[in-house]
Amino acid sequence: MKYLGKQQIFFFLCCITLGLTGCVDLSGAKLTPEKKVTYHSNKSIKPSAQKKKTHASKSQGEIHTMLGGLGMFSVGMNTVRDDLAKQYKNVSASSNMWYNAGDVTKAITHYYYTHKTHRPIILMGHSLGANEQIKVARNLNAAGVPVDLLVTVDAVSQTIVPPNVKHVLNVYKPGYVPMFSGLKLKAVDPNATLIENINVDNLKNINVNHFTIDKDKVVQAMILDEVKKVLIDGNRKGA
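Each residue of the sequence shown is one higher than the last, beginning at 1 in our numbering.
Please keep in mind that the hints were generated in silico from the structure rather than gathered at the bench.
A few of these clues could be false.
[Stated by the list, open to error] Below, in silico cross-link-like pairs of lysine-lysine (DSS-like), each with a Cα-Cα straight-line distance of 27 Å or less:
1. K89 / K217
2. K89 / K184
3. K228 / K204
4. K166 / K106
5. K228 / K166
6. K229 / K86
7. K184 / K116
8. K89 / K228
Given these sequences and hints, build the entire structure.
So this is what it looks like as structure tokens:
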């Protein structure tokens, strides 16, 4: 540090500050105590290496994407959202920062109780956005609103999924620094919630970290495949 100029030192400190604030939960919300529950073991998934071209669908649904930290490290989630919005013209696809979790909960609940026809509800988030989507799911559980699919990418603190969630795709990268280390998720009721914990270290041709995992093409393909299945199945059953 002795030979570094003031500008270099300032830049170095800014980088550290951004890294530390990127995933720290600043909401002040208390974490739900982890209950002793059983949960599904990892389920092998063979993701599509390339995105398949599909025609615009008439399927109904709502996709809520949530970004973590300052948002700049979660842009891969917006890429997935945009791809789905192009293919499914009748599907509502929104994107929010993690601190708007309360507004997202209200919007979903309002639509659910003001429409006779229920559409598939899909929650997606990366990092702190993934943590908050689990909290959104809990709030929806208290309101009696089901969630068809919860996609979490490197959630770093929240781990317990409520029973109103039917299916969870949790893609994570373990690490040595807690705030940048993805975690396995557990279900309050394994009979009600199917959880797929996907450790990317067990997948081939993936070399990612906490800040790049959401932008990986294989990870994005896995998410797209699961969302499409839920939209097709949900519309077939009438959600």
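We went through each hint and held it up to the structure:
1. Of the pairs offered as hints, the one joining K89 and K217 holds, with about 23 Å between alpha carbons and a cut-off of 27 Å not exceeded.
2. Taking the CA atoms of K89 and K184, the gap is near 33 Å; set against the 27 Å cutoff, the hint is violated.
3. Taken as a hint, the K228 and K204 pair is honoured in the structure, with Cα atoms around 23 Å apart against an allowance of 27 Å.
4. Between the alpha carbons of K166 and K106 the distance comes to roughly 20 Å, so the proposed pair stays at or under 27 Å and holds.
5. Distance restraint check for K228 and K166: the Cα-Cα separation of roughly 15 Å lies within the 27 Å cut-off, and the hinted pair is therefore satisfied.
6. A threshold of 27 Å between alpha carbons decides the hint, and for K229 with K86 the separation of about 16 Å falls inside it, so the pair holds.
7. Distance check on the hinted pair: K184 and K116 sit about 36 Å apart at the alpha-carbon level, beyond 27 Å; violated.
8. Between K89 and K228, the direct Cα distance comes to roughly 13 Å. Compliance with the 27 Å bound is thereby established for this hinted pair.
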